[in-house]
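*Asks:* For the first sequence, this note's numbering assigns the number 238 to the initial residue and increments by one for each residue that follows.
FYI, nobody ran anything at the bench for these hints, they're computed from the structure.
Remember, predicted model here, so these are calculated numbers, not experimental data.
Keep in mind that a hint or two might mislead.
[What the hints assert, rightly or not] Once the Cα atoms are required to be at most 27 Å apart in a straight line, the calculated DSS-like pairs of lysine-lysine come out as:
| hint | residue 1 | residue 2 |
| --- | --- | --- |
| 1 | K358 | K283 |
| 2 | K244 | K380 |
| 3 | K319 | K380 |
| 4 | K244 | K283 |
| 5 | K380 | K340 |
| 6 | K358 | K244 |
[Said to hold, decoys possible] With beta-carbon atoms standing in for the labels, derived distance ranges:
| hint | residue 1 | residue 2 | range |
| --- | --- | --- | --- |
| 7 | R343 | V366 | 36 to 44 Å |
| 8 | D317 | Q356 | 41 to 49 Å |
| 9 | N275 | R355 | 21 to 29 Å |
All residues carry an ideal CB built from backbone N, CA and C; glycine is no exception.
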Amino acid sequence: MGHWLLKTEPDVFSFDDLLRAPGRTTGWDGVRNYQARNFLRDGMKKGDLVLIYHSSADPPAVAGVAEVVREGYPDPSQFDPKDDHYDPQSAPAAPRWYQVDVKAVRKLARPVSLPEIRQTKALAKMPVVQRGQRLSVQPVGAKEFDLIVRMGEQ
DNA sequence: GCCAACGTTGGC
DNA sequence: GCCAACGTTGGC
């Protein structure tokens, strides 16, 4: 089973928003980076577990756990001229951008903050703590995933 | 194909 | 608000 981290700005869409969404599920749309797109389209599998990470928050932190309930399919927002993520260069016959559906599993008892992750030796190699790392979809090691969840359940 | 300019991300 | 890091664009 795969493990991932998805970034979101909580002002735009938070883990609580995911909990309130119909079926506690949402399409993870709007990702416009090719490396992240490849993970969404090719890497993420049904049943994979996901850390939902709040970026541009104070402090930035992992807020909860979700799971992939639908594998990669074309992101509809790329075809909607009224959407902020509209991409006029993407043709429906050859979609450029993909999304998955994720469902909330549970909110952590407490958020696990970026400074805390940074201070934890076993987590220091995670992409999210690397300087200048902007990728909004990142693979996570199983041990790292479990440790963060354990920290968040204390 | 190179690379300067520009835009975006995201921590601080 | 600043700015480092990085990706994309476009002139040549």
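*Asks:* Next, verify each hint and record whether it holds.
*Replies:* Here's how the hints hold up against the structure:
For the given pair, K358 sits about 30 Å from K283 by alpha-carbon distance, which is inconsistent with the 27 Å threshold. A threshold of 27 Å between alpha carbons decides the hint, and for K244 with K380 the separation of about 19 Å falls inside it, so the pair holds. Between the alpha carbons of K319 and K380 the distance comes to roughly 42 Å, so the proposed pair goes past 27 Å and is violated. Taken as a hint, the K244 and K283 pair is honoured in the structure, with Cα atoms around 19 Å apart against an allowance of 27 Å.
Using a Cα cut-off of 27 Å, the hinted pair K380 and K340 holds, with the two alpha carbons roughly 22 Å apart. Between K358 and K244 the CA atoms are separated by roughly 22 Å; this keeps the pair inside 27 Å, and the hint holds. Between R343 and V366 the CB atoms are about 24 Å apart, so this pair departs from the stated range of 36 to 44 Å. At roughly 42 Å, the beta carbons of D317 and Q356 sit within the given window of 41 to 49 Å.
Range check, N275 to R355: about 27 Å between beta-carbon atoms, so the 21 to 29 Å window is met.
Comparing the model with each numbered hint stated earlier shows that hints 1, 3 and 7 do not hold.
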